[in-house]
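Trainee: Here are the chains, one letter per residue:
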Amino acid sequence: GNSVTQMEGPVTLSEEAFLTINCTYTATGYPSLFWYVQYPGEGLQLLLKATKADDKGSNKGFEATYRKETTSFHLEKGSVQVSDSAVYFCALLNTNAGKSTFGDGTTLTVKP
Amino acid sequence: GAGVSQSPSNKVTEKGKDVELRCDPISGHTALYWYRQSLGQGLEFLIYFQGNSAPDKSGLPSDRFSAERTGGSVSTLTIQRTQQEDSAVYLCASSLVLAGHNEQFFGPGTRLTVL
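From first to last, the protein sequence lines are chains E and W.
Letter 39 of the first sequence, counting from 1, is numbered 39 in the working numbering, and no numbers are missing.
One gets the working numbering by counting positions in the second sequence from 1 and adding 112 to each.
No lab work stands behind these hints, which were simulated from the structure alone.
Bear in mind the structure is a predicted one, so any value in this text is a computation, not a measurement.
Glycine included, every Cβ here is placed at the ideal spot set by N, Cα and C.
Be careful, since some hints might not be right.
To be verified - On the chain E side, residues computed to face chain W include the following (Cβ under 7 Å):
#1 G43
#2 L44
#3 L46
#4 T51
#5 L93
#6 F102
#7 D104
Starting from the given sequences, assemble the full structure and let the hints guide the process.
Mentor: Shown next, in the form of structure tokens:
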């Protein structure tokens, strides 16, 4: 079956530090890959996505590249801000299967 | 409205009571998902509806849990004889089923507390 494994947290960084949150997956076929973010007290929202190999999703300074050869979709940001403090979820959707699979989430805290 | 809505936003109930949680998806979204998020935990898949197909109920934790989707739109998640371990935030999401446009849009959730 499908699975998503993401970097365990919590992750604590200083403002302007470089961020990487690792995500690897197991899936049949050609899934779409997503990063969702949940800010404190808010619902989940899509951060970025990639639908095929070598696609790069980007939004709000965050980037992730769909690497089929390493089955990875690592999230990166060059300079984090306090406002980036949130829980980040990696997810995949195998269109043929319908339902999506989420990682366990990684809590990021950015300190000023 | 423009987004996914859920009601109630908060529900406190006594152990053994039945509860119903409602989800209104985005108009035109044929796929609808229910998840459960316990405190500090990830998302636990519960059930998935797609159009007129039989729902994927593989994530429902017990036969106390059931869900229906009427007219391909509104969905209701029912928990019978609630237990304290059912306390969690129940999230609903909807999406198109269209290559390249299948990201899920989440509602704000219903926080269920079973006393």
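Trainee: May I ask you to test the interface hint for L44(E) with respect to chain W, counting a Cβ-Cβ separation under 7 Å as satisfied?
Mentor: With a closest approach of 4 Å, the L44(E) hint holds.
Trainee: Grab the minimum C-beta distance from F102(E) to chain W and call the hint holds if it beats 7 Å, violated otherwise.
Mentor: Holds. Min distance 4 Å.
Trainee: Identify whether the interface hint at L93(E) stands, where standing means a beta carbon of chain W within less than 7 Å of its own.
Mentor: Interface hint status for L93(E): holds (6 Å vs cutoff 7 Å).
Trainee: Hey, does the T51(E) contact hint survive, CB to chain W under 7 Å?
Mentor: holds (5 Å)
Trainee: Going by Cβ atoms only, is D104(E) closer than 7 Å to chain W?
Mentor: holds (4 Å)
Trainee: Given G43(E) as an interface hint, is the shortest Cβ-Cβ distance to chain W below 7 Å?
Mentor: Constraint on G43(E) satisfied, holds at 5 Å.
Trainee: Under 7 Å, Cβ to Cβ, is where L46(E) needs to be relative to chain W, so tell me if that hint holds or is violated.
Mentor: holds (5 Å)
Violated hints are absent here; each numbered hint is respected by the structure.
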